[in-house]
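Q: Chains as they are written, first to last, in numbering that gives the first Met the number 0: chain A, 0 to 362; chain B, 0 to 362.
One thing to keep in mind: the hints can contain errors.
The list makes no distinction among identical chains, and a pair is therefore deemed to hold if it is satisfied within one copy or across any two copies.
Think about it this way: if two alpha-carbon atoms lie no more than 20 angstroms apart in a straight line, the pair counts; the simulated DMTMM-like pairs of lysine to aspartate or glutamate are [what the hints assert, rightly or not]:
| hint | residue 1 | residue 2 |
| --- | --- | --- |
| 1 | K286 | D339 |
| 2 | K328 | E259 |
| 3 | K163 | E304 |
The hints are simulated quantities; they were obtained by calculation from the structure and are not laboratory data.
Number of protein chains: 2
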Amino acid sequence: MGRRNILSALPGGAAGIGLMPISAASAQELPEIRWRLVSNFPKSLDTIFGTAVEFARAVGELTEGRYRIDVFAAGEIVPGLQVLDAVQNGTVEMGHGPTYFYSGKDPTFTLFTGLPFGLNTRMQNAWFYQGGGEALLNDFLAKYQVCALPAGNSGCQMGGWFRKEIKSLADLKGLKFRIPGMAGQIWQRLGAVPQQISPGDIYPALERGTIDAAEFVGPYDDEKLSLYKVAKYYYYPGWWEGGAAAFTLVNLEMWQDLPEHYRSVLTYASAYANGWMTAKYDAANPKALQRLVAAGAVLRPFPAEVMEASWKAANELYAELSAGNADFKRVYEHLIAFRDDQYLWWQVAESGFDAFMIRHRRG
Amino acid sequence: MGRRNILSALPGGAAGIGLMPISAASAQELPEIRWRLVSNFPKSLDTIFGTAVEFARAVGELTEGRYRIDVFAAGEIVPGLQVLDAVQNGTVEMGHGPTYFYSGKDPTFTLFTGLPFGLNTRMQNAWFYQGGGEALLNDFLAKYQVCALPAGNSGCQMGGWFRKEIKSLADLKGLKFRIPGMAGQIWQRLGAVPQQISPGDIYPALERGTIDAAEFVGPYDDEKLSLYKVAKYYYYPGWWEGGAAAFTLVNLEMWQDLPEHYRSVLTYASAYANGWMTAKYDAANPKALQRLVAAGAVLRPFPAEVMEASWKAANELYAELSAGNADFKRVYEHLIAFRDDQYLWWQVAESGFDAFMIRHRRG
Chain A
0 MGRRNILSAL PGGAAGIGLM PISAASAQEL PEIRWRLVSN FPKSLDTIFG
50 TAVEFARAVG ELTEGRYRID VFAAGEIVPG LQVLDAVQNG TVEMGHGPTY
100 FYSGKDPTFT LFTGLPFGLN TRMQNAWFYQ GGGEALLNDF LAKYQVCALP
150 AGNSGCQMGG WFRKEIKSLA DLKGLKFRIP GMAGQIWQRL GAVPQQISPG
200 DIYPALERGT IDAAEFVGPY DDEKLSLYKV AKYYYYPGWW EGGAAAFTLV
250 NLEMWQDLPE HYRSVLTYAS AYANGWMTAK YDAANPKALQ RLVAAGAVLR
300 PFPAEVMEAS WKAANELYAE LSAGNADFKR VYEHLIAFRD DQYLWWQVAE
350 SGFDAFMIRH RRG
Chain B
0 MGRRNILSAL PGGAAGIGLM PISAASAQEL PEIRWRLVSN FPKSLDTIFG
50 TAVEFARAVG ELTEGRYRID VFAAGEIVPG LQVLDAVQNG TVEMGHGPTY
100 FYSGKDPTFT LFTGLPFGLN TRMQNAWFYQ GGGEALLNDF LAKYQVCALP
150 AGNSGCQMGG WFRKEIKSLA DLKGLKFRIP GMAGQIWQRL GAVPQQISPG
200 DIYPALERGT IDAAEFVGPY DDEKLSLYKV AKYYYYPGWW EGGAAAFTLV
250 NLEMWQDLPE HYRSVLTYAS AYANGWMTAK YDAANPKALQ RLVAAGAVLR
300 PFPAEVMEAS WKAANELYAE LSAGNADFKR VYEHLIAFRD DQYLWWQVAE
350 SGFDAFMIRH RRG
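Full structure from sequences and hints, please.
A: What follows is the structure, given as structure tokens:
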């Protein structure tokens, strides 16, 4: 905590910067800081773990190395699912990852990373940056003594790997499906049995038949797990993650004690990381998908009956959660109103263009 | 030029920063700089002109006001279409806007902002940041003694405002359509007569019937021109701008003379501006579309016959341009290969999700 005390003892010279030229002295006053950031993910995921590394690199470059953030993978300091706790209690200054891992604490956490049947990636960015989403996020997170900035998005994910084809709703009965969080609750309403299994344990569980199916991310990340060898049916779309947002989480007191200039640096570095992660996934997924299909993966869309039942079950769940949780209700209603406006517009230009281009793709 | 000479006379202390802590002295050495940026657009466009303002604000915040960029609208220093020239010849240090305004100099400029039937917005970002697009852009721009960073994207644009309904290809015969650049060349092949008219002159030209149709941007920007009052049919999609990228342009010599730290600042501020502009458009367009329709705009998709003929004419044009222009050919082939991979993947998760959500939108 010594470092924080040094910061709070600084004169207020870092406030009120904007475009006004200030004296050269202030740059000297900016302290050298070294922070620790814990990711929810292992180093092998150069996409989402890599986003935290890019973020830290940007912070270093933007401060000429004076503000250094060391990035740690899941398990190096705390287990991957305890990132929020570690930031909240000050074990580390920062975290990086999605918020839906904490839906067990409060389902409201799910709304920020991605509600099943929620927003796509661009809509999430519009909601956070221009639609009021970021304020809702930080109002909610203040309860946990952390604040957050959007810092990455995976794009729409896949529906996962299934050992057998899903031809109807009846095929979901008793299906042991590795799927966490709120999406798992929805699948449960369809008759499936959601399983919580860490990524490294998915392959053997599918191979032995301990589980029947597993979802992870999308082609590029999924390829690393080689699941096509033990569950070849690769379903889409991952309707529970039309876009999945990651965030830089900062201990709130530490954020408030930072010089204003360093808060700006974290803000712009997070915005950079936000675009970086989506570009990384978007550039890498097409070739990975082609390799997976060449290796034997069989692409299948979820049957319409399954999609419709999922939509119905999701909305029933949201109504129940809204009835019992004021935070969930407030954020959910805001998000859904935004989504409905977005898809009104999306169906015109964006999806019209994409649909034509998909039909005319060469090769 | 005095300022540049001061910069080039600086010791090389600003190089090699990364994560290595460096001495506090270097921050003192960073010079106070004031640059001028000219936008292609008027101040009334708080979307795309506003992006340049956001960029400049970020540069100021990230340097505690030491590096100040003053933003000028089209016409304040140079006319909107002479931004590249002004940056190239050093009249100003920077510009902001799309590159396709310069397709008269070389059609290769069109490929970076958005080829008709090219990439959508996320694909453009993936291409620039992770697919090699940024290197191709700067290799090409070096001929003009400028360099560029992606700094904004409009999303898919609309097809424009038409006084009469377009029911078949025959309706394009002799149609006087305000549409610039390469898209105009394609429409010409379909029988239309492309017109070059500045935004402020579109309304009276449509009102008097001097022209039959005009394209501009999308709902939020178009609303400012009130074109629905004089040409009520609002067509989509704007297949010539599936995504339209804007850039910060910097005089190459001035860029090379900048301290490395300030180059990093321009890079991250541009990345921030890149996301900001898309979020701004995405958040603003849905309500604007609703207001336009309530005021009498009539939405119409381009007939399939027109879309197919446009696709064919576009590809014929690209083949001709590739035969006569090595730069165009090299960048075009790179972009098209990237696009075809992208849409292979896009048709799976992203468009599957969006299509379902569009069908189930409330209200």
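Q: If a hint holds in the structure, say so; if it doesn't, say that too.
A: Verification of the supplied hints:
In this assembly of identical chains, the alpha carbons of K286 and D339 lie at most 20 angstroms apart only when taken from different copies (11 angstroms versus 33 angstroms within one copy). In the homo-oligomer, the alpha carbons of K328 and E259 never lie at most 20 angstroms apart, since the shortest distance is 33 angstroms inside one protomer and 48 angstroms across protomers. Only within a single protomer do K163 and E304 lie at most 20 angstroms apart by alpha-carbon distance; the minimum there is 17 angstroms, versus 42 angstroms between protomers.
Checked against the numbered hints given earlier, the structure breaks only hint 2 and satisfies all the rest.
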